[in-house]
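Asker: Each chain, letter by letter, is given below.
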Amino acid sequence: GEDVEQSLFLSVREGDSSVINCTYTDSSSTYLYWYKQEPGAGLQLLTYIFSNMDMKQDQRLTVLLNKKDKHLSLRIADTQTGDSAIYFCAESRDNAGNMLTFGGGTRLMVKP
Amino acid sequence: KAGVTQTPRYLIKTRGQQVTLSCSPISGHRSVSWYQQTPGQGLQFLFEYFSETQRNKGNFPGRFSGRQFSNSRSEMNVSTLELGDSALYLCASSFRTGGEQFFGPGTRLTVL
Numbered sequence: 001g002e003d004v005e006q007s008l009f010l011s012v013r014e015g016d017s018s019v020i021n022c023t024y025t026d027s028s029s030t031y032l033y034w035y036k037q038e039p040g041a042g043l044q045l046l047t048y049i050f051s052n053m054d055m056k057q058d059q060r061l062t063v064l065l066n067k068k069d070k071h072l073s074l075r076i077a078d079t080q081t082g083d084s085a086i087y088f089c090a091e092s093r094d095n096a097g098n099m100l101t102f103g104g105g106t107r108l109m110v111k112p
Numbered sequence: 001k002a003g004v005t006q007t008p009r010y011l012i013k014t015r016g017q018q019v020t021l022s023c024s025p026i027s028g029h030r031s032v033s034w035y036q037q038t039p040g041q042g043l044q045f046l047f048e049y050f051s052e053t054q055r056n057k058g059n060f061p062g063r064f065s066g067r068q069f070s071n072s073r074s075e076m077n078v079s080t081l082e083l084g085d086s087a088l089y090l091c092a093s094s095f096r097t098g099g100e101q102f103f104g105p106g107t108r109l110t111v112l
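Read top to bottom, the protein sequences are chains A and B.
Each residue of the first sequence is one higher than the last, beginning at 1 in our numbering.
Each residue of the second sequence is one higher than the last, beginning at 1 in our numbering.
It is possible that part of the hints are untrue.
Stated by the list, open to error - Residues of chain A clear of chain B, computed beta-carbon distances all greater than 12 Å:
hint: 1; residue: LYS68
hint: 2; residue: ASP69
hint: 3; residue: HIS71
hint: 4; residue: ARG75
hint: 5; residue: ALA77
hint: 6; residue: GLN80
hint: 7; residue: ASP94
hint: 8; residue: ALA96
hint: 9; residue: LEU100
hint: 10; residue: PRO112
As the list claims (entries may be wrong) - SDA-like, lysine to any residue: derived pairs with alpha carbons at most 25 Å apart:
hint: 11; chain 1: A; residue 1: LYS111; chain 2: A; residue 2: ASP26
hint: 12; chain 1: A; residue 1: LYS56; chain 2: B; residue 2: GLU100
hint: 13; chain 1: B; residue 1: LYS57; chain 2: A; residue 2: ALA96
hint: 14; chain 1: A; residue 1: LYS36; chain 2: B; residue 2: GLN41
hint: 15; chain 1: A; residue 1: LYS36; chain 2: B; residue 2: GLY98
hint: 16; chain 1: A; residue 1: LYS70; chain 2: B; residue 2: GLY58
hint: 17; chain 1: A; residue 1: LYS67; chain 2: B; residue 2: GLU52
hint: 18; chain 1: A; residue 1: LYS70; chain 2: B; residue 2: GLY99
hint: 19; chain 1: A; residue 1: LYS56; chain 2: B; residue 2: PRO8
hint: 20; chain 1: A; residue 1: LYS36; chain 2: B; residue 2: THR5
hint: 21; chain 1: B; residue 1: LYS13; chain 2: A; residue 2: ASP26
hint: 22; chain 1: A; residue 1: LYS56; chain 2: B; residue 2: LYS57
hint: 23; chain 1: A; residue 1: LYS36; chain 2: B; residue 2: GLY99
hint: 24; chain 1: A; residue 1: LYS56; chain 2: B; residue 2: THR38
hint: 25; chain 1: B; residue 1: LYS57; chain 2: A; residue 2: TYR31
hint: 26; chain 1: A; residue 1: LYS36; chain 2: B; residue 2: HIS29
hint: 27; chain 1: A; residue 1: LYS68; chain 2: B; residue 2: GLY99
hint: 28; chain 1: A; residue 1: LYS36; chain 2: B; residue 2: THR38
hint: 29; chain 1: A; residue 1: LYS36; chain 2: B; residue 2: LEU11
hint: 30; chain 1: B; residue 1: LYS57; chain 2: A; residue 2: ASP26
hint: 31; chain 1: A; residue 1: LYS67; chain 2: A; residue 2: VAL19
hint: 32; chain 1: B; residue 1: LYS57; chain 2: A; residue 2: LYS111
hint: 33; chain 1: A; residue 1: LYS36; chain 2: B; residue 2: PHE69
hint: 34; chain 1: A; residue 1: LYS36; chain 2: B; residue 2: THR14
hint: 35; chain 1: A; residue 1: LYS111; chain 2: A; residue 2: ASN21
hint: 36; chain 1: A; residue 1: LYS36; chain 2: B; residue 2: LYS13
hint: 37; chain 1: B; residue 1: LYS57; chain 2: A; residue 2: GLN44
hint: 38; chain 1: A; residue 1: LYS111; chain 2: A; residue 2: ILE86
hint: 39; chain 1: A; residue 1: LYS67; chain 2: B; residue 2: GLU100
hint: 40; chain 1: A; residue 1: LYS68; chain 2: B; residue 2: THR5
It should be emphasised that the hints constitute simulated quantities derived from the structure, not laboratory data.
Every residue, glycine too, gets a C-beta built ideally from N, C-alpha and C.
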């Protein structure tokens with residue numbers, strides 16, 4: 001199976017919270033990342049968390065990490081139409097330099 | 001600070017040709033990684049260079065190669081292009097191992 005898995009699609013209403021989930025399998029993960037990709041663009045780094053942390057908050061974004069279950073989530077508060085994009089989680093592993101293993105991406109659609 | 005730049009942004013080639021893509025990292029960053037993004041395979045790691053040395057290599061054929069110069073700029077080369085090489089090629093730069101990794105806008109390669 002895939003090393004990093006995400007659900008394909010999420011639809012929310014403007015103003016609601018969005019929660020995008022990610023699971024990974026490698027216990028040697030060191031950093032876990034969330035990237036945003038808009039159509040025709042590169043990847044924008046949203047936030048990242050070191051594997052010994054449980055939570056990180058940055059303005060509207062909250063990252064939760066459950067290391068025991070190898071589960072990562074990204075919560076976007078007060079979701080706006082400009083948040084519509086594909087969101088990728090990624091992990092880097094011990095002894096693998098800066099190599100990132102990505103999930104397949106979750107397409108977030110925000111309805112007005 | 002300028003972000004990661006990639007040139008050219010778009011390329012059209014024919015099967016059998018070769019292509020060279022360029023990536024200029026953020027000033028001061030020593031690590032450059034390359035990724036291929038396709039609808040079918042998602043984001044896949046190609047290779048990483050750190051201080052002019054290839055540190056990691058993904059599972060791609062030998063037609064894919066790269067190098068890094070003393071100013072940290074990196075190039076990747078694909079020889080004997082195949083239709084399946086059509087993709088968005090992204091590079092990422094980082095100051096050190098672990099932590100923030102920033103992506104460029106990508107080079108969209110189309111092989112006819």
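Asker: Would you check the hint for LYS36 (chain A) and GLN41 (chain B), treating anything up to 25 Å between C-alpha atoms as holding?
Answerer: Answer holds: LYS36 (chain A) to GLN41 (chain B) is near 18 Å, not above 25 Å.
Asker: Going straight from one Cα to the other, do LYS67 (chain A) and GLU100 (chain B) come out at no more than 25 Å?
Answerer: 20 Å, holds
Asker: Is LYS36 (chain A) close enough to THR5 (chain B), meaning Cα to Cα at most 25 Å?
Answerer: 18 Å, holds
Asker: Decide if the proposed pair is consistent with the structure: LYS111 (chain A) and ASN21 (chain A), CA atoms, cutoff 25 Å inclusive.
Answerer: Cα-Cα ~20 Å, so holds.
Asker: Test the statement that ASP94 (chain A) is away from the interface with chain B: the closest C-beta pair must be farther apart than 12 Å.
Answerer: 10 Å, violated
Asker: Run the distance test for LYS36 (chain A) versus GLY99 (chain B): straight-line Cα separation, threshold 25 Å.
Answerer: Given pair LYS36 (chain A), GLY99 (chain B) holds - Cα atoms ~17 Å apart, limit 25 Å.
Asker: LYS36 (chain A) and PHE69 (chain B) were given as a pair; does the straight-line alpha-carbon distance stay at or below 25 Å?
Answerer: Cα-Cα ~29 Å, so violated.
Asker: Given the hint that LYS57 (chain B) pairs with GLN44 (chain A), does the C-alpha gap stay at or below 25 Å?
Answerer: 23 Å, holds
Asker: Take the C-alpha atoms of LYS57 (chain B) and ALA96 (chain A), compute the straight-line distance between them, and say whether it is at most 25 Å.
Answerer: 10 Å, holds
Asker: Between LYS57 (chain B) and ASP26 (chain A), is the straight-line Cα distance small enough, at 25 Å or below?
Answerer: 18 Å, holds
Asker: When you check the alpha-carbon spacing of LYS57 (chain B) and TYR31 (chain A), does it fall within 25 Å?
Answerer: 19 Å, holds
Asker: For GLN80 (chain A), is the shortest beta carbon distance to chain B beyond 12 Å?
Answerer: Holds, since 22 Å exceeds 12 Å.
Hint violations for this structure: numbers 7, 8, 9, 11, 17, 19, 21, 22, 24, 32, 33, 34, 36, 40, all remaining hints satisfied.
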